[in-house]
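Can you make the complete structure from the sequences, with help from the hints?
The sequence shown begins at 1 in this note's numbering and counts up one residue at a time.
If you are wondering where the hints come from, they were derived from the structure by calculation, not from laboratory data.
All of these numbers come straight from a predicted model, not from anything done at the bench.
From the three backbone atoms N, C-alpha and C, an ideal C-beta is built for every residue, glycine too.
Please note: incorrect hints may appear among the correct ones.
Said to hold, decoys possible - List time: in silico DSBU-like cross-link candidates among lysine-lysine, alpha-carbon distance up to 30 Å:
(1) 203 x 232
(2) 110 x 203
(3) 201 x 162
(4) 345 x 203
What the hints assert, rightly or not - Simulated DEER-style distance windows between Cβ atoms:
(5) 331 x 301: 37 to 43 Å
(6) 223 x 99: 37 to 43 Å
(7) 256 x 397: 43 to 49 Å
(8) 269 x 98: 26 to 32 Å
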Amino acid sequence: MKKVMLKTTLSLAVAMASSQLFASGFALNEQDVAGMGTGFAGRSSSAENASTVYGNPAGMARLEGQQITGGVAAIDASTDIKDASGRSRGSNKGDMVPFTAVPFGFYTNKLNDQWAVGFGVYAPFGLKTDYERGFQGRAFGNKSEVAVITFQPTVSYAFNDKVSIGFGPTINRISGTLESQPSLAGLPLPGLAGTGDNKIKVKGDDTALGFNAGILVQATDTTRVGLTYHSKVKYKLEGHTDVTPGAGVPGGYLRANRYDASLKVDTPESWDASVTQDLSDAWKVYGGATWTRWSRLKDITVNNEGVTATTGGALAPRIVSQIQEPQNWHDTWAYALGTSYQVTKQVVLRTGLTFDQSPTNNTDRSPRIPTGDRTIFSVGLGYAVMDNMTIDLAYSYLKEEPVKVNKQNALGQTYASKYENSANGFGLGMTYKF
1 MKKVMLKTTL SLAVAMASSQ LFASGFALNE QDVAGMGTGF AGRSSSAENA
51 STVYGNPAGM ARLEGQQITG GVAAIDASTD IKDASGRSRG SNKGDMVPFT
101 AVPFGFYTNK LNDQWAVGFG VYAPFGLKTD YERGFQGRAF GNKSEVAVIT
151 FQPTVSYAFN DKVSIGFGPT INRISGTLES QPSLAGLPLP GLAGTGDNKI
201 KVKGDDTALG FNAGILVQAT DTTRVGLTYH SKVKYKLEGH TDVTPGAGVP
251 GGYLRANRYD ASLKVDTPES WDASVTQDLS DAWKVYGGAT WTRWSRLKDI
301 TVNNEGVTAT TGGALAPRIV SQIQEPQNWH DTWAYALGTS YQVTKQVVLR
351 TGLTFDQSPT NNTDRSPRIP TGDRTIFSVG LGYAVMDNMT IDLAYSYLKE
401 EPVKVNKQNA LGQTYASKYE NSANGFGLGM TYKF
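Written out as structure tokens, the structure is:
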């Protein structure tokens, strides 16, 4: 087998999500609109609705009766690309993240004083980038779109009214597409009249298992502490790589072809610890920290079968088999602080501030995930329209530090630029109790 090194975005993303969603790398936080309002500061300790299936499975023991929580989070991102340069010509509009929405849904049922069960459907990771036609950095990635959907049956057990634990296996389905457009223009190749871009398109999918587990402790009458572990998930995507030569490229150099492809990759594990503190009957404060093991992503290797000069043209091994993009990501921490105020019996106001590290570095960062450290400010509103139904709204503003991209491929093509990213996030959710 020949090997191709491709960017991480092939394997770890969600088709309905964006690289600018509010967590480090391409992880997604948007599984709860109420939590979105506090910057997810008390995710593993609050246990306020059925989304605790994801936030901390142990929290199901605190919920009475049966509950359903569902909703959608949407993102409107913008990017300003500056100081762009490279061997290829093209535009740098920066409008590569389409307006996207991420849905989720959870169900819990407290069976008795000790046992509770639940189920969740959500997206734990996400990325989608789609640059304009003629993007200057297209040789290093012009489109990345993949889908991860997670199904999680869950059970929790309460030892007493102070301590509970929870566990849920996760069934994760991943599929995706990654495209780039390397050009042969400028290469000293006899008889090369065409300068059109060649198209490399990779598709693959897989299903893999993981798990979430947590513990929740009511430390005092007013203090609750939670710890949640989300396991790594090992994938082996199976699919194909399509190669389409640019206009005017002789078949002796590059021919249209399809190769069977496979990719092994692990999504990282994470630990989430948080505390919920009641200051009064109306005021609560939340604090949290999340550690994610992004250092697992040293590089990504796609294995393509049968890539030879005979089958694909003289340049096939060079273009398809020797494209290398190391990742060298590092582990990250995210910190959040939030508060909520119960204005009336029906209305609660929320706000939060989050600081989230990026796992990328200035050497290996590419146009596929051009992200940096981010600061996120959030506000939210909960309204009990009736005793058993609550509507939640949330808004978040994200601002990233400016970051640099500086890439070169096996054909000698280069692309360098400076990215300044920001985004507006919107959430709408509902919890129904019965």
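Verification of the supplied hints:
1. 203 x 232: Cα-Cα ~22 Å, so holds.
2. 110 x 203: 42 Å, violated
3. 201 x 162: Violated, at roughly 53 Å.
4. 345 x 203: 51 Å, violated
5. 331 x 301: 37 to 43 Å: Between residue 331 and residue 301, where Cβ atoms are some 21 Å apart, the hint is violated.
6. 223 x 99: 37 to 43 Å: About 40 Å separates the Cβ atoms of residue 223 and residue 99, which means 37 to 43 Å holds.
7. 256 x 397: 43 to 49 Å: Holds: the Cβ-Cβ distance is about 45 Å, inside 43 to 49 Å.
8. 269 x 98: 26 to 32 Å: 30 Å, holds
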